[in-house]
Every structure is written in C-alpha cells, then in structure tokens.
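Colleague: Chain order of the listed sequences is V and D. Heads up, the first sequence is in numbering that gives the first Met the number 0, so the first residue is 0 and it goes up one at a time. Heads up, the second sequence is in numbering that gives the first Met the number 0, so the first residue is 0 and it goes up one at a time.
It should be emphasised that the hints constitute simulated quantities derived from the structure, not laboratory data. These numbers were taken from a predicted model, which means no experiment stands behind them. Take the hints with a grain of salt, since some may be wrong.
[Unchecked claim] Restricting the straight-line Cα-Cα distance to at most 27 Å, the calculated cross-link-like pairs of lysine-lysine (DSS-like) are:
#, chain 1, residue 1, chain 2, residue 2
1, D, 329, D, 257
2, V, 390, D, 329
3, D, 234, V, 383
4, V, 292, D, 292
5, V, 234, D, 391
6, V, 155, D, 234
There are 2 protein chains.
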Amino acid sequence: MAKLIPYPGSIRINVAGAFIVDDEITPESGSSNTPPLDSTLSPGTTLTANISNGQSSKTHNRDIVLPHHTSDVSHIAVDIGGSLAKLVYFTRDGDNLGGRINFTMFETENIQDLISFMSKLISARRRSSSVERSSKPDSRTDQHVYIMATGGGAYKFYDRLRKELDVEIWREDEMECLIVGLDFFITEIPDEVFTYSEQNPMSFVEAKQDIYPYLLVNIGSGVSMIMVSGPRQFKRIGGSSLGGGTLWGLLSLITGAKSFDEMLLLASKGDNTNVDMLVGDIYGTDYGRIGLKSSTIASSFGKVFKQRLESDEDDTDVDGPVHEGNQRFKAEDISRSLLYAISNNIGQIAYLQAQRYNLEHIYFGGSFIRGHPQTMNTLSYAIKFWSAGDKKAYFLRHEGYLGAVGAFLKRQPTGWGRRNSFDGKG
Amino acid sequence: MAKLIPYPGSIRINVAGAFIVDDEITPESGSSNTPPLDSTLSPGTTLTANISNGQSSKTHNRDIVLPHHTSDVSHIAVDIGGSLAKLVYFTRDGDNLGGRINFTMFETENIQDLISFMSKLISARRRSSSVERSSKPDSRTDQHVYIMATGGGAYKFYDRLRKELDVEIWREDEMECLIVGLDFFITEIPDEVFTYSEQNPMSFVEAKQDIYPYLLVNIGSGVSMIMVSGPRQFKRIGGSSLGGGTLWGLLSLITGAKSFDEMLLLASKGDNTNVDMLVGDIYGTDYGRIGLKSSTIASSFGKVFKQRLESDEDDTDVDGPVHEGNQRFKAEDISRSLLYAISNNIGQIAYLQAQRYNLEHIYFGGSFIRGHPQTMNTLSYAIKFWSAGDKKAYFLRHEGYLGAVGAFLKRQPTGWGRRNSFDGKG
C-alpha cells in the first residue's frame with residue numbers, strides 16, 4: 000500500500016483524512032480585528048490572528064488539518080514574492096496525533112514583520128524540541144529547524160534572513176516549487192480545486208492522480224505561465240507584466256484605495272460601462288458580421304479620454320489640480336473596468352498559450368485571485384469564450400500558496416509519509 | 000499592359016510616379032499653428048491646415064501625390080472610429096494633370112467639425128463640377144458627389160450625415176476596408192511600409208505584389224487582429240480591449256495630460272523603472288534559470304502600490320485629497336510605463352496569433368502608433384523577442400488611414416486606373 004512520492008528528499012505527508020478548515024480560530028492564536036486579505040472569499044471564511052503584532056501579517060482559516068500523521072515538522076517554508084510573502088508551517092494539535100499546515104501572508108514591504116514572526120516560530124520549535132528530547136529520548140521529532148525559501152526574496156533577503164534568524168536556509172527554484180505545490184493540491188487535498196460559474200461559484204473537482212499535461216497561470220505582481228508535462232517537468236512558456244501589481248498600483252493611484260480588498264470591494268459595486276467603450280458605443284449596434292456583440296468591450300477606459308476633454312472645456316481654472324476631472328468617474332467603475340481588463344487579458348493570453356501547446360486544463364494560482372467572484376468569472380469566461388468551451392479554468396482555495404507549499408514539501412523531515420502510506424495505521 | 004484590380008466597382012488609381020509629400024504646405028490650405036497629432040513623427044513632418052476652423056481637425060503632410068492620373072475623384076471617404084474620424088479625399092493640382100490624395104483627422108467627439116469640413120468639400124466639388132460641365136461638356140469629371148463611410152460611426156452617425164450633408168452615403172465593412180487599404184499601401188505606394196530599429200528608425204520595404212498571408216494588427220481605441228490570406232480574404236482572429244483608448248484614458252486620469260501628443264512627449268522623457276517592478280527588484284539579480292534578465296519588467300506599475308502605502312503612513316491627514324500620493328510618481332515615468340505595458344501586451348498577443356496561424360509578416364496599423372519611436376520600438380522588440388527573430392513587424396506612414404483609404408478605393412469613379420494601366424500615357 001505504501002506510495003511514496005518518487006523524489007528523494009521530498010517531504011512525505013500523511014494526507015489520509017486531510018481536510019481544509021472552514022470556520023474556526025486556530026488553537027495557537029487569539030482573535031483579531033485585522034481584516035484578512037481574502038475577506039471577499041465566501042462561504043465559511045473567518046479570521047485567525049497570529050503570534051505577530053497583527054499589523055501586516057494576514058492569516059486566514061484555510062489551514063489544512065492532517066488528523067492521521069504521526070510526527071512533527073519543524074521546518075518553515077516561505078515564498079517571498081514582489082508584493083507578498085507567503086509562509087507555510089506545521090503545528091501539532093496539542094499532544095494528540097495529528098496537526099495542521101498553517102498558511103499566512105505578509106507584505107514583502109514589511110519584511111521585518113515576517114522575520115519577527117519566523118523568529119518566534121523558530122524559538123518555540125527549539126524550546127519544544129529540547130523539552131521533548133529530554134522527556135522522550137526516542138521521539139521522532141525533528142530537532143533541526145531550518146527554512147525552505149523560494150521566490151525572488153529568497154535571494155534578495157538571503158543574507159538578512161540568515162543573519163537575523165540564525166538558521167540554515169535552503170533556497171529552492173520558484174517555478175519548481177509552484178509546480179510541486181500545485182501537484183500536491185491537485186492530487187492530495189479534497190475540496191481544494193474547483194471550477195467557477197455564476198450558478199455554482201465553487202464546484203469542487205475530485206483530487207486525482209492523472210493530471211498531466213496542464214498549464215499553470217500564476218498571477219502575483221506579474222504573471223507566469225508554466226507548462227507542466229510531468230512531475231517536475233515544466234517550462235515557463237510565457238507571462239505578462241500586466242498582473243496584480245498593475246491593478247494594485249494603478250488603482251491606488253487613481254482611486255486612493257489603500258488595500259486590495261478595498262479595491263475588490265469597489266470593483267464589486269462598479270459598472271464598467273461608464274468608462275469602457277463598448278462595441279455598441281462605436282456602432283450604435285452589434286458588429287454582427289464578425290460576431291462582436293454590442294456589449295463587448297472594444298476599449299477599456301475608452302470613454303474616459305473624451306469625457307475628460309469635455310469636462311476640461313467647462314473648466315477655466317487651468318491652474319487647478321490636474322485630477323479634478325477624476326471626479327467625473329467613480330472609483331467603483333474604474334476599479335471594475337481595470338479588474339476586467341487585467342483578468343480578460345490574462346485569460347486571453349492563457350488561452351493562446353494553452354492552444355499553442357495543446358493543454359486542456361488551465362490552473363490559475365497566485366495572490367491576485369483571492370477567491371474573488373468577478374475575477375474568477377472573468378478568467379473563466381475568457382477561457383470559455385476564446386476556446387469555444389474546449390478548455391477549462393480551474394481555481395484553488397490555496398491559490399496564493401503554491402510556491403510556499405512546494406518549498407515546504409521539498410525537504411523530508413522524519414516520519415512523514417503521503418496518502419496511502421499510512422492507511423490503516425491512523 | 001493594363002492591370003486592373005479584379006473587384007468590380009473598385010477604384011482604379013494611376014499610381015505611376017506616386018510619392019508621399021514630405022515637407023510642404025498643401026496648395027489648398029494656408030499655414031496653421033494647430034499642433035498635428037503626429038508631431039513626434041520624424042523626419043520631414045510639417046504642418047498643413049485645412050478649410051475648417053482648425054480647432055479639432057488634425058492634418059499632416061503625408062498626402063500622396065499622383066502626378067500621372069487624368070481625372071477627378073469627387074467622392075470622399077471617412078472612417079469614423081471610437082476616438083478618431085479619418086478623412087481621405089482627392090484634390091487636383093490646379094488645372095494640371097495630376098493631383099493628390101489628402102489625409103486628415105478629427106476627433107469623433109467633435110463630429111460637427113467633421114461634418115462642416117465635409118460640407119465645404121462637397122459644396123466646392125459641386126461648384127467646380129458645374130463650372131467644368133458648362134465649359135467642357137465632354138469632361139470626364141465625375142459630377143456625382145457621395146461619401147464612402149466605414150467604421151462604427153458610419154452606422155452610428157448615418158442618419159445625421161445623410162441629413163446634414165444631403166448626399167448619398169455608401170457604408171462599407173470596416174475590416175474589409177482596412178484590408179483593401181493596407182493592400183493598396185503595401186503593393187502600390189513607395190516609401191510607405193518600413194521596419195523599425197533603433198539604428199534605423201525607418202527602413203523602407205519595397206512595394207511588392209506577393210504579400211499573403213499576413214497579420215494586420217490594427218490599434219485604435221481597441222485592437223483588432225485580422226488574418227489576411229488573399230485579396231479580400233480575411234478573418235478577425237482576435238483582438239484586445241487594451242488599446243489606444245486605454246492608454247489615453249488612464250493617462251488623462253492620472254497625469255492630467257490633455258492630448259495624446261502630450262502623453263507621448265511625457266513618455267519620451269520618463270523612466271519606467273521608477274514605477275515598474277523589474278525581475279531585479281524581486282530577485283536582486285537575474286532569474287537565470289528561466290532566462291529572465293534582471294531588467295525584464297516583472298510587473299508594470301508593480302512599485303506603485305507599496306510606495307503609496309509608505310507615503311500614506313507619513314500622511315495623517317486622511318481627509319485630504321486621495322490623490323496627494325500621486326506626487327510621488329512623475330507623470331513622465333507613469334506615461335512611459337503604460338506605453339510600454341500596452342505596446343508589449345499587444346506585441347505578445349500579436350506574436351501568439353501569428354504563431355498560431357503561421358503568419359510571418361505582421362503589419363501594425365491604426366491611430367495608436369503615430370510614428371512614435373518608443374511605441375514602434377516596443378512592438379518590434381516584442382515580436383522579435385517572442386518569435387526569436389522568426390517574425391517581422393512592419394509599420395506604415397499612413398497607419399491611421401487604412402480603413403479610410405480602403406473605403407476610398409472601394410468605389411470606381413470615372414477615368415481611374417491603377418499602376419501600369421496608364422503606363423506610357425502619363
């Protein structure tokens with residue numbers, strides 16, 4: 000029955016009975032008023048706080064409970080991207096058999112908070128490990144604490160992390176970690192992968208083993224598209240600089256919104272047709288001959304320029320602030336238009352890449368999506384529209400953590416196995 | 000020797016000896032201080048004014064002189080897009096044999112100016128036609144004035160044009176006009192089509208007959224991509240809502256710039272690395288394993304969001320204007336970043352479409368380009384980068400007038416032929 004993953008040195012997780020936590024406060028943390036980054040995700044999202052000051056760390060309750068595994072994992076994995084740093088670590092559920100994988104996020108800008116958080120985790124691990132060693136000398140607890148790091152920040156902040164945390168740091172390739180993490184989620188975790196439709200916003204896809212080839216579209220600050228043809232067989236086939244960072248940057252400039260959640264909230268209330276130029280605005284009707292509907296967006300923000308000019312004609316105070324004209328356009332409408340534009344664009348490029356390499360399954364990962372319905376709807380629609388229903392868009396509940404989980408899984412602590420290896424023992 | 004184009008009803012132009020005017024004021028117009036839309040085009044660009052009030056009509060000197068044709072063309076062609084209306088009409092050079100095709104542009108918003116301009120043209124034609132008829136009863140002058148119209152505005156403004164101009168209006172399909180116009184420029188007009196490189200910004204490609212298949216990427220407010228496999232054999236294979244309208248709209252919102260020329264001027268002075276997040280900003284170095292250079296843009300505007308947050312931390316006056324933080328970022332840098340982002344994105348999608356349909360030649364048309372070096376450089380670079388030198392980007396000096404010229408050519412006035420048909424007679 001034993002089925003170990005075939006890469007030496009990789010972590011083996013006993014995923015028998017694993018499930019994703021939906022609505023509780025994690026044991027190690029109190030409650031907090033910090034709004035989570037993913038407050039728009041529904042249903043079943045609640046807050047969890049963490050041992051940091053709660054200022055910049057954003058946690059949520061999508062921890063994965065592993066009721067049947069036997070031992071501790073002392074290493075910590077971190078994926079430090081351009082905007083966000085994602086942390087994955089293991090905690091035991093008290094003295095019982097079982098534990099959970101914890102997921103938490105920091106803004107890369109506040110790297111010091113991440114380091115403090117990790118520092119506390121490491122101290123706690125060293126304490127408990129030394130207590131355990133003295134009481135149970137034959138314990139399988141892994142005493143060696145180290146950090147698995149990936150993402151650009153694993154290189155940029157390498158020296159700082161080593162110096163301030165005084166631990167060994169293993170750096171892992173970002174793309175490889177994304178793939179290892181995604182493979183794990185697809186094959187091992189129930190209720191993780193889903194398709195989106197307005198009728199059924201979360202239609203779960205059963206965990207399966209036969210998954211290749213597929214396309215991973217990872218949307219963080221920027222976008223990477225990775226073709227995966229087998230375990231750890233992958234190639235970055237494209238990408239785009241128009242990603243989450245573009246949306247966050249432009250919307251913070253234009254609307255003054257201070258968080259991505261605020262932007263998503265604005266977008267959910269907006270009407271993009273007040274700023275976008277539709278086919279109907281140009282033609283007064285459909286452009287039937289080539290199949291463009293009247294409601295198709297011909298030009299994102301295409302209505303803004305000429306309306307601004309009009310408003311300037313009425314405005315004789317040319318020395319006034321240049322942004323006065325912005326008042327003509329609602330932050331809500333602008334947010335929705337840009338969210339559509341970026342999502343649509345990623346969807347189209349993803350489709351073209353999938354078409355080119357004959358990939359039927361397209362998984363969307365990265366911190367841009369956050370379970371936001373309009374984003375997933377737009378991405379799903381783009382794939383469906385361009386492929387005429389031929390290709391399928393998949394989403395993940397841990398979309399932002401692919402790289403961090405991949406890094407977490409790449410090293411083998413003591414006493415860990417994977418699904419089936421522990422069947423009948425738990 | 001006669002070589003007529005094989006579509007009944009199409010115009011036949013005697014293009015023997017045709018050339019593009021580089022640096023003169025057209026005879027029918029005086030000089031003007033109106034800045035042309037394409038003031039950044041070099042070399043050899045000067046201004047021409049026109050018979051309108053000069054407020055919203057933008058003309059330039061890229062008229063095409065036809066020294067060897069024999070007769071008048073009284074019809075006028077107009078391509079009314081979402082943002083700009085492009086007008087093409089013929090004038091004779093005094094009483095001599097020969098004349099020229101005139102090109103001029105209006106903002107669609109100021110449709111009344113376009114109508115006034117056309118109204119004057121029509122009156123002048125009717126006058127001259129009646130004078131000529133009385134003096135030379137056997138003249139080949141076409142007395143019947145009518146308008147060839149294409150673009151969405153041909154539908155949207157149809158009733159208004161008919162009513163106010165009191166002429167017959169022939170509506171033609173937009174995509175077909177683009178292709179007819181482009182075919183004409185590629186095959187008939189010398190020094191029209193060129194490739195761009197920093198070393199040689201305008202390397203002209205000889206006019207040629209063997210041109211199919213090719214991809215036309217037409218960038219106006221939005222983007223259309225059209226595969227052309229033969230004369231009038233074409234299919235719209237894709238497009239993007241991220242086009243000129245997006246750039247104009249977002250930059251007018253953020254920078255307060257009031258014209259596209261102002262935006263291009265800003266862009267030419269900017270440094271996008273102040274707002275874009277580069278691979279080097281994330282990694283501190285290259286990401287060599289997948290071939291991403293340190294200078295590659297990972298996320299357009301990726302630096303803005305976190306810097307805005309920083310600036311807000313210092314700002315306790317939360318009731319102040321939300322756009323204060325914009326002062327951190329220079330309009331020049333923002334303009335350059337967005338110009339890069341939009342151009343790069345179009346270049347990538349164009350490459351993917353060309354790859355998919357195995358098209359080697361990619362022509363960029365539409366009013367977005369305007370001979371702007373950075374735009375052409377980015378589009379050329381994107382095609383070169385993604386195709387590893389396999390595909391080639393071509394530009395046109397009349398890039399914005401493909402549809403209008405196509406509409407102009409679709410009807411056959413009296414006494415017109417095409418290249419070679421008049422050889423030896425002129």
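Colleague: Does each hint fit the structure? Answer for all of them.
Modeller: To see whether the hints hold, each was checked on the structure:
A threshold of 27 Å between alpha carbons decides the hint, and for residue 329 of chain D with residue 257 of chain D the separation of about 16 Å falls inside it, so the pair holds. Restraint check for residue 390 of chain V and residue 329 of chain D: not satisfied, since their Cα atoms lie roughly 42 Å apart, outside the 27 Å limit. Restraint check for residue 234 of chain D and residue 383 of chain V: satisfied, since their Cα atoms lie roughly 20 Å apart, inside the 27 Å limit. Proximity of residue 292 of chain V to residue 292 of chain D is assessed by CA-CA distance (about 41 Å); at most 27 Å being required, the pair is judged violated.
As the CA atoms of residue 234 of chain V and residue 391 of chain D are separated by approximately 25 Å, the hinted pair is consistent with the 27 Å bound. At roughly 48 Å between alpha-carbon atoms, residue 155 of chain V and residue 234 of chain D are farther apart than 27 Å, so this suggested pair is violated.
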